[in-house]
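K.L.:
Here the protein sequences line up with chains A and B, keeping their order. The UniProt record's numbering numbers the first residue of the first sequence as 1 and each following residue consecutively. The UniProt record's numbering numbers the first residue of the second sequence as 1 and each following residue consecutively.
Be aware that one or more of the hints could be misleading.
The list treats identical chains as interchangeable, and a pair is accepted whether it falls inside one copy or across any two copies.
To be verified - As a list, the in silico BS3-like pairs of lysine-lysine whose alpha-carbon atoms are at most 25 Å apart:
#1 LYS586 / LYS516
#2 LYS135 / LYS429
#3 LYS516 / LYS297
#4 LYS554 / LYS515
#5 LYS322 / LYS230
#6 LYS583 / LYS519
#7 LYS214 / LYS186
#8 LYS314 / LYS214
#9 LYS554 / LYS458
#10 LYS132 / LYS466
#11 LYS583 / LYS489
#12 LYS297 / LYS135
#13 LYS519 / LYS458
#14 LYS132 / LYS294
#15 LYS135 / LYS322
#16 LYS554 / LYS583
#17 LYS132 / LYS297
#18 LYS322 / LYS63
#19 LYS519 / LYS230
#20 LYS214 / LYS519
#21 LYS463 / LYS297
#22 LYS519 / LYS586
#23 LYS466 / LYS489
#24 LYS270 / LYS14
#25 LYS63 / LYS429
#26 LYS197 / LYS186
#27 LYS197 / LYS214
#28 LYS586 / LYS515
#29 LYS519 / LYS270
#30 LYS228 / LYS519
Since the hints were made in silico from the structure, they are not lab data. Keep in mind the model is a prediction, meaning the values are calculated, not measured.
Number of protein chains: 2
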Amino acid sequence: MYLEKINSPEDVKKLSIDEMKELSFEIRKALLNRLSEKGGHVGPNLGVVELTIALHYVFNSPKDKMVYDISHQSYVHKILTGRKEGFTNLEKYKTISGYSNPDESEHDFFKLGHTSTSISLACGLAKARDLKGDKDNIIAIIGDGSLSGGEAYEGLNNAAEAGTNMIIIVNDNEMSIAENYGGLYKNLRELRESEGKCECNFFKAMGLDYYYIKDGHNLDELISTLSKVKDIDHPVVVHVHTIKGKGFEVAEKNKEQWHWGSPFEIETGKPRVANTNTNTYNNLTGEYLLNAMKEDKNVVAITAGTPTVIGFNKERREIAGKQFVDVGIAEEHAVALASGIAANGGTPVYGVNSTFLQRTYDQLSQDLCINNNPATILVYSASVYGMNDVTHIGLFDIGLMSNIPNMVYLAPAFKEEYFKMLNWAMTQKEHPVAIRVPAMGVIESGVEDTTDYSILNKYQVTKEGKEVAIIALGDFYQLGEKVAMKLSKENNIEATLVNPKFITGIDEELLENLKKEHKLVITLEDGILEGGFGEKISRFYGPSNIKVLNYGIKKEILDRYIPDELMKKNRLTDIQIVEDIIKIIK
Amino acid sequence: MYLEKINSPEDVKKLSIDEMKELSFEIRKALLNRLSEKGGHVGPNLGVVELTIALHYVFNSPKDKMVYDISHQSYVHKILTGRKEGFTNLEKYKTISGYSNPDESEHDFFKLGHTSTSISLACGLAKARDLKGDKDNIIAIIGDGSLSGGEAYEGLNNAAEAGTNMIIIVNDNEMSIAENYGGLYKNLRELRESEGKCECNFFKAMGLDYYYIKDGHNLDELISTLSKVKDIDHPVVVHVHTIKGKGFEVAEKNKEQWHWGSPFEIETGKPRVANTNTNTYNNLTGEYLLNAMKEDKNVVAITAGTPTVIGFNKERREIAGKQFVDVGIAEEHAVALASGIAANGGTPVYGVNSTFLQRTYDQLSQDLCINNNPATILVYSASVYGMNDVTHIGLFDIGLMSNIPNMVYLAPAFKEEYFKMLNWAMTQKEHPVAIRVPAMGVIESGVEDTTDYSILNKYQVTKEGKEVAIIALGDFYQLGEKVAMKLSKENNIEATLVNPKFITGIDEELLENLKKEHKLVITLEDGILEGGFGEKISRFYGPSNIKVLNYGIKKEILDRYIPDELMKKNRLTDIQIVEDIIKIIK
Chain A
1 MYLEKINSPE
11 DVKKLSIDEM
21 KELSFEIRKA
31 LLNRLSEKGG
41 HVGPNLGVVE
51 LTIALHYVFN
61 SPKDKMVYDI
71 SHQSYVHKIL
81 TGRKEGFTNL
91 EKYKTISGYS
101 NPDESEHDFF
111 KLGHTSTSIS
121 LACGLAKARD
131 LKGDKDNIIA
141 IIGDGSLSGG
151 EAYEGLNNAA
161 EAGTNMIIIV
171 NDNEMSIAEN
181 YGGLYKNLRE
191 LRESEGKCEC
201 NFFKAMGLDY
211 YYIKDGHNLD
221 ELISTLSKVK
231 DIDHPVVVHV
241 HTIKGKGFEV
251 AEKNKEQWHW
261 GSPFEIETGK
271 PRVANTNTNT
281 YNNLTGEYLL
291 NAMKEDKNVV
301 AITAGTPTVI
311 GFNKERREIA
321 GKQFVDVGIA
331 EEHAVALASG
341 IAANGGTPVY
351 GVNSTFLQRT
361 YDQLSQDLCI
371 NNNPATILVY
381 SASVYGMNDV
391 THIGLFDIGL
401 MSNIPNMVYL
411 APAFKEEYFK
421 MLNWAMTQKE
431 HPVAIRVPAM
441 GVIESGVEDT
451 TDYSILNKYQ
461 VTKEGKEVAI
471 IALGDFYQLG
481 EKVAMKLSKE
491 NNIEATLVNP
501 KFITGIDEEL
511 LENLKKEHKL
521 VITLEDGILE
531 GGFGEKISRF
541 YGPSNIKVLN
551 YGIKKEILDR
561 YIPDELMKKN
571 RLTDIQIVED
581 IIKIIK
Chain B
1 MYLEKINSPE
11 DVKKLSIDEM
21 KELSFEIRKA
31 LLNRLSEKGG
41 HVGPNLGVVE
51 LTIALHYVFN
61 SPKDKMVYDI
71 SHQSYVHKIL
81 TGRKEGFTNL
91 EKYKTISGYS
101 NPDESEHDFF
111 KLGHTSTSIS
121 LACGLAKARD
131 LKGDKDNIIA
141 IIGDGSLSGG
151 EAYEGLNNAA
161 EAGTNMIIIV
171 NDNEMSIAEN
181 YGGLYKNLRE
191 LRESEGKCEC
201 NFFKAMGLDY
211 YYIKDGHNLD
221 ELISTLSKVK
231 DIDHPVVVHV
241 HTIKGKGFEV
251 AEKNKEQWHW
261 GSPFEIETGK
271 PRVANTNTNT
281 YNNLTGEYLL
291 NAMKEDKNVV
301 AITAGTPTVI
311 GFNKERREIA
321 GKQFVDVGIA
331 EEHAVALASG
341 IAANGGTPVY
351 GVNSTFLQRT
361 YDQLSQDLCI
371 NNNPATILVY
381 SASVYGMNDV
391 THIGLFDIGL
401 MSNIPNMVYL
411 APAFKEEYFK
421 MLNWAMTQKE
431 HPVAIRVPAM
441 GVIESGVEDT
451 TDYSILNKYQ
461 VTKEGKEVAI
471 IALGDFYQLG
481 EKVAMKLSKE
491 NNIEATLVNP
501 KFITGIDEEL
511 LENLKKEHKL
521 VITLEDGILE
531 GGFGEKISRF
541 YGPSNIKVLN
551 YGIKKEILDR
561 YIPDELMKKN
571 RLTDIQIVED
581 IIKIIK
């Protein structure tokens, strides 16, 4: 009734409080409409309906500029800024992404998706505004979970230093993806319990002004306080208490599970496709580590706010007790923590998605590798077939990690290999080891892996041949098998097939030997070519007569791509690869 | 008198307070002895003499474990832990490094040199201790300047969460390298002024216990408070007020200049070699930017705690006013800030040393490049001839940055090029641009640079030839010239010489053309080979008959190397390169 008339924030300003309450109800329906069909972030968006309505009622977007941290909770903002059809109209779902996007709307200022960046980015908008002499409001909206990240802290520190208008909305729903971890959260609780009045106030200690909103679903309270800070001439935090999943009972009661969901039935909350697959590397790793913990009290698993990535659901976390550490969304700390644990005799295993590991280059290099401390890092979703939205691409970790001295980065192709490598990584004491977890399902070779991984950089020749050698890394090994088979069947070429296993080093002896009976070496990697594995092989053969073809993903901005199409575009199919090979050797 | 008897912390425990006061005096002499001869961190070490003595008096290193943040202020710790000869004996200076080093002593637990890592690393030591069931004290010593870094915050947050023994000494000397920036520092001042008693306390807000030491040079007060927290069963912050440069008048009075110094005369403080060289890229950039600021109020220069890197001494900072921003030691924020400024119409220029840029991969990729915001980043000390201690190597930035989509990373060889690129970067609005500042002195070509940098990835052929093509990147261009000259003089080969300028892209047309009359292409880069520029050229020529030789630095741990020796080891001299070339083409 009201939603259909909302085409821009101007239309929100025309409503009365009662009408906005009705609008809230309609927005929740629209959210659940899309989320139940398409999946996405459920709890976070349901929790900010009234807050977002109030923000658009009080402020004047896009002159006043809003930056939503991570932006997974910006669906309501999208609905109110001319994009409601992405939520009400089944056919238009794909036109609107799950994160901020300036390509969609002038009301979005950045593409973002990693945590804790909103305040810093907003500081930039504010600085430019101040230099120009403008007077618009700059508003960052950040969840309490995201306050655990170092970049958020740097942002708060600098917002206070800058001293001019900046409104930082802290959306406190007492949750990260799972529960919050960190000393700060005690203070947030004290603030909530004292309704913002306790003397010891983290935000004030950071030099910021401070307001508290007790009921973040009460439009009167929201509008009243936000109006107070509108056009304020200095930085201020508005600390808002909300309920994650508000308005959808099953989401309110199961906050962790309803952070993000696959399509589900609105009436019951049941997933449309039951996700009972336990045969994933995530789950198998969790099982393996829990057993390792029982046998050795010095084994500790680490996560930075994403426990199920490493296979630790609530039940396993409880069993693991002190041997499971969630550092909050603080990947840099997670790596340094792992290094320190290893230095003092512990056996740390840090599990993280490739895209979030990007936060930790310096810690990997300095805290961990310069010290050569034996920590284990498991890198998930590192693949074309991993997450595919622009801010969660998992294709950059090879380039990121493989030029760090002392790092041993392994790429298993099969389940047996993976666990052999994991076992080695956790028992050896000589190297920091990272393992690139295959992302295209759990495939068994059926053969025991007897490799001695302490002998670094020895590639495994799985099929001896001539003319052409295929070096197929990690979860592209199976693609390598297909290419070898096709060459054999259709072109009578018996290619050599190699499972390199080691990303961080060259098997010089093998590569030298291949010169003898081969004309062409091809490399396959599930990652960006630039700075990747294949280029090292090309460099090795540079001064020789051997020709090299590197296959991987060309460096470009990727967003919501279709994996098979991207593979084809990069000639990463057996048909195309064989075509290219034949062209070269014939 | 007392120092000569100190061979381990045990010997410190035998002293009375008066004897320790005398020891303080002798330690200052020893410090100045080394620093005046060898150079190093002056102010920071003079400021922690009494604090370090007290720490070793109260605690039992190495069972109790100390982690010094950055560790540039750990000279006194080294003196007291069996390494005094590195400070008293001129011949032994080289045996002791300027940073923590487990290779030197069991009293050091990590090699480190980047800011804000101590608390996280200490958390790791503590976690392993807890799992083992040990009871030693874990102590992190961190300066107030380092508290601006996100990793320190993540550490504090998690130390509080862990809840077990951890003693965090905050050494508050009211300084970073230059002055401190950030809202937090207001609270630190309130804490100092209220002698630790004010209600609003940042550390307590982070969930930590807290003590304050008013006079960080008073051994009685230090020992008394440290004794209180010894064997404490929960995390605690001991906030100590010290004076940077204490005991050396000229250092106390000129804190910024005496943070780090070249060799000087003890009597006067005057540098032994007057450093009046203003013909550096640092200084020239500062001059250029200050002028740009006067013409355009939207130009803003950014530093993360190292203002003179971008040429902004105190005087220039004062003139620049609001157009110069020091974010404190918070490189991640600096990049995001730059992106936000650019998004709102400003012209940001962030200057930073290569090694510290390592902190910002994710912000470069996500905050800046995915948004394609036109910020400029100037990368200094990016060279074999930059800083050479293990935690400050400037050879990894090419691998780090050049596989990020949308990033335009330029490598000038001459002064004219540098300023042409800088001008283009600051005026264009299409790309985030980084410029790799030459590190081997300012060299003029004498010719105006008329390149249109908006046409990306066009390399410049500076000498047309045949057979051999030399692609010499950035400050190795002059080496390329020498190789070309030698080939011509001694081998009658007129090589093609190319100044590529663009690190982040291939000039496919040129490289294709080179296939015609050349057999061999060589690349020269002042950086690590793995993941670097040359490998992209190798990949391009992989499927062809062209041979490629890549020259750069092989990936390995480097520490206090001699640049010319490292170059030779990597065959980066004209003699060796010509040798290799002749072997291939003859």
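K.L.:
Between copies, within a copy, both or neither: which fits LYS583 and LYS519 at Cα up to 25 Å?
P.N.:
both (12 Å within a copy, 21 Å between copies)
K.L.:
Please sort LYS519 with LYS230 into within, between, both or neither, judging by C-alpha distance up to 25 Å.
P.N.:
The answer is neither: 70 Å in one copy and 68 Å across copies each exceed 25 Å.
K.L.:
First find the shortest C-alpha distance between LYS519 and LYS270 inside one copy, then the shortest across copies, and answer within, between, both or neither for a cut-off of 25 Å.
P.N.:
Neither. Shortest intra-copy (56 Å) and inter-copy (65 Å) distances fail the 25 Å Cα cut-off.
K.L.:
Between the shortest in-copy and the shortest cross-copy C-alpha distance, which are at most 25 Å for LYS214 and LYS519: within, between, both, or neither?
P.N.:
neither (72 Å within a copy, 74 Å between copies)
K.L.:
For LYS197 vs LYS214, is the C-alpha pair at or below 25 Å within one copy, between two copies, both, or neither?
P.N.:
This pair counts as within: shortest intra-copy Cα distance 11 Å, inter-copy 29 Å.
K.L.:
Checking an output row: LYS314 and LYS214, CA cutoff 25 Å. Within, between, both or neither?
P.N.:
neither (29 Å within a copy, 46 Å between copies)
K.L.:
For LYS466 and LYS489, with the copy left unspecified, which applies at a CA distance of at most 25 Å: within, between, both, or neither?
P.N.:
within (15 Å within a copy, 43 Å between copies)
K.L.:
Tell me, please, which holds for LYS63 and LYS429 at an alpha-carbon limit of 25 Å: within, between, both or neither?
P.N.:
Answer is between: at 21 Å across copies they meet the 25 Å cutoff, but 57 Å inside does not.
K.L.:
Which holds for LYS554 with LYS583 at a C-alpha limit of 25 Å: within a copy, between copies, both or neither?
P.N.:
within (21 Å within a copy, 34 Å between copies)
K.L.:
Can you tell me if LYS322 and LYS63 fall within 25 Å by alpha carbon in one copy, between copies, both or neither?
P.N.:
Close across copies (23 Å), not inside one copy (49 Å); limit 25 Å.
K.L.:
Give the relationship of LYS270 and LYS14 under a CA distance limit of 25 Å: within one copy only, between copies only, both, or neither.
P.N.:
Neither way: LYS270 and LYS14 sit 38 Å apart in one copy and 71 Å across, limit 25 Å.
K.L.:
From the Cα coordinates, with 25 Å as the cut-off, is the pair LYS297 and LYS135 best called within, between, both, or neither?
P.N.:
between (58 Å within a copy, 16 Å between copies)
Violated hints, in rising order: 3, 8, 10, 19, 20, 21, 24, 29 and 30; the structure is consistent with all others.
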